[in-house]
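Trainee: Which chain is which? The protein sequence lines are A and B, in order. Note that our numbering gives residue 221 to position 221 of the first sequence, counting from 1, and the numbers run on in steps of one. Note that our numbering gives residue 1148 to position 148 of the second sequence, counting from 1, and the numbers run on in steps of one.
Just so you know, these hints were derived from the structure itself, not from any lab. Just so it is clear, CB atoms sit at the ideal spot from N, CA and C, and this is done for glycine as well. Take these hints with a grain of salt, some might be off.
As the list claims (entries may be wrong) - A few chain B residues that don't get close to chain A, going by computed Cβ distances all over 12 angstroms:
1. 1273
2. 1404
3. 1408
Unchecked claim - A few chain B residues facing chain A, derived, Cβ under 7 angstroms:
4. 1001
5. 1003
6. 1005
7. 1016
8. 1112
9. 1115
10. 1182
11. 1304
12. 1311
13. 1314
14. 1315
15. 1339
16. 1406
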Amino acid sequence: MTKDLVVEKSTQNEIVDNNSFALRVESLSKIYDSSAGRVVALDNVSFAIKRGEFVSVVGPSGSGKSTVLNMVGALDRPTSGKIYIDGIDIFSLNDSEIATMRNGRIGFIFQSFNLINRTTVHKNVRLPGMIAGMSNDDVNSRTMKILEALGIADKRDQKPVNLSGGQQQRVAIARSLINNPTIILADEPTGNLDTKTGDDVFDMLKMLSHKFKRTIVMVTHNPELAESTDRSILLRDGRIEKDVIN
Amino acid sequence: MNPKDLFLLSFEALVDRKVRTLLTILMVVLGSSLVVVLNGLSAGQAAFLEKQFNTLAANVIFVSSGQRGFRDASAGNALIINNVIIEKMKSLPLISDVIPEYAGSITMNSQGNTERASVTSIDPTKLTVMLPNLEYVDGSTVKPNDRSAAIVGDTIVNPPGAANAFVTLGQTIVATSTYSDGTGKTVTVTKSFVISGILKPSGNSRIDNSVIINLDAGNDLLHKLNKYDSVIVAAATPDDVDTVQQELSDTFGKTLGATTPKAIMAVRQQAASGNAAFILMVGIIALVVGAVGIVTTLYNSVTERIREIGTMKAIGAQNTTILALFLVEAALIGILGASLGLLIGIGGGYVMSIATTTSPAGGGPAVHIPPIFIPMDLIKVWLLSLSLSVIAGMYPAWKASKLSPMVALRRE
């Protein structure tokens, strides 16, 4: 699906917000039924995130924070509830349209970087642009601008496996930015890094939020990092326990 | 994603697993080259046979002594073909000529060089009855009554691989033949011959590999005691061949064997066609084994790259993009395997045709039957190998494309 199609789709769905919210989650529930029993991973969770906001999602293990991130990233479907990104009800889309949504409007940053190690930094970063069908000139010039902004332009021809953890996470951040997404989802982005490198990566995300007005949702275990974001949503047992402005 | 990017991603994935990729390509190479080699040899053999029989006149019948059948006890004893029999044949209707011949093998010595050769002992003026298009090199003369004159085939003069001619016109050769005298003693007969004629390449390997001498000389040299080995019977017209063959059978029963070039050709073509079908089956089985190798390789690849597939999907790759990535990998394996297979098959065909070069039963230079590679057959083998590779890649590719991104990302 092209971006035009997304716009067209948005006119068919109820537009819940008018530009002020990048993301809106409404009454989201996720229940897993298995032979071991029924597990309520998310129970009627609702929140909205403004454009440019840097929000942390915190909570103990099993609280449902990764489940929220998977739903917002359209990697999984909820049992009930709705998620709107740019006003589009993402679960009203079919699989192909969801893939296009992920490509154009969502940027992912993973704890373990998830880079393709056989190819170069440059090709890793340009991959979402290639999938989007951007022209080579556009995707190459945008890739170089982002690599320069993140201070890793000199690593462009190296393979990720030859970089430090911090550098690899910068490459992953660069990749998440290439298609200028509405929202960046970061799943424990500092989890695999030492404290100093983790702080550097976090500062970079903060810079992206404040300087370039990127909307970022970050799942973290680290309360200090969470307090340094604009807002923290604390989940416990699949419900929002606290939603605080820092 | 544009096709070039898709191709590069797939290519890099294959290069990343060099050894496994090479082994999989090797499987396809083996399959396709086997089909190419066998097809080429089979086509070469068929063309060789056709050429042999096309050189023969359409009205001739080959007659030889019949043999007691293993299964048919009623079959009579083999008939000794002598001049009485020849005269009897000549008296039959619709026969224009009866040409007896002796056959054997000799050792030839020419200026210190020695070669084995077949001998056809026949009235040399009658050679054109059997091979109407036979031509001699300039300077040749046919001397039917000269017991010391010999005509030699092109392959005798120019043995394959030899830098110089083995004999030239007017040169003398010494022919040696041996036989057993019945008491266990080996008798050696030696005779000198002057080369009076050299045949141009006739396309008939028997004649091209023969030294042709007249009947009297052959009777002495080969110690035949006036017992002919075979007879060429020429019917008045090609249309009379079946009638004459029946007449011979009626007159001499099973004591004589009579067959026509057409019949020999038909039997050989039938055998060749059965052979070709078998060969094709072997080749296709080899290709299928190669395809199973591709399934295994790509399936392993999907399992190993499951997180990569999850990541690709998370950043927006469509199911069709993932499907295409793996299918392109399968196609690349197929293209490389099929192309290399074709080249190796063509080379292998020539090597095998040389390795399987055989000497004629009577001796003489070896007969080399070159393989024939028909472009359309090569294209078919290439397309078949490629198609099987892509088909083999379908299941792993489909499996990869259907992976849930969340499940794939969680996999260690």
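Trainee: Next step is simple, just say for each hint if it's right about the structure.
Mentor: Against the structure, the hints:
no. : hint : in the structure
1   : 1273 : holds (50 angstroms)
2   : 1404 : violated (8 angstroms)
3   : 1408 : violated (9 angstroms)
4   : 1001 : holds (5 angstroms)
5   : 1003 : violated (11 angstroms)
6   : 1005 : holds (5 angstroms)
7   : 1016 : holds (4 angstroms)
8   : 1112 : violated (68 angstroms)
9   : 1115 : violated (63 angstroms)
10  : 1182 : violated (82 angstroms)
11  : 1304 : violated (12 angstroms)
12  : 1311 : holds (4 angstroms)
13  : 1314 : holds (5 angstroms)
14  : 1315 : holds (5 angstroms)
15  : 1339 : violated (24 angstroms)
16  : 1406 : holds (4 angstroms)
Figure legend: structure checked against the earlier numbered hints; hints not met, in rising order: 2, 3, 5, 8, 9, 10, 11 and 15.
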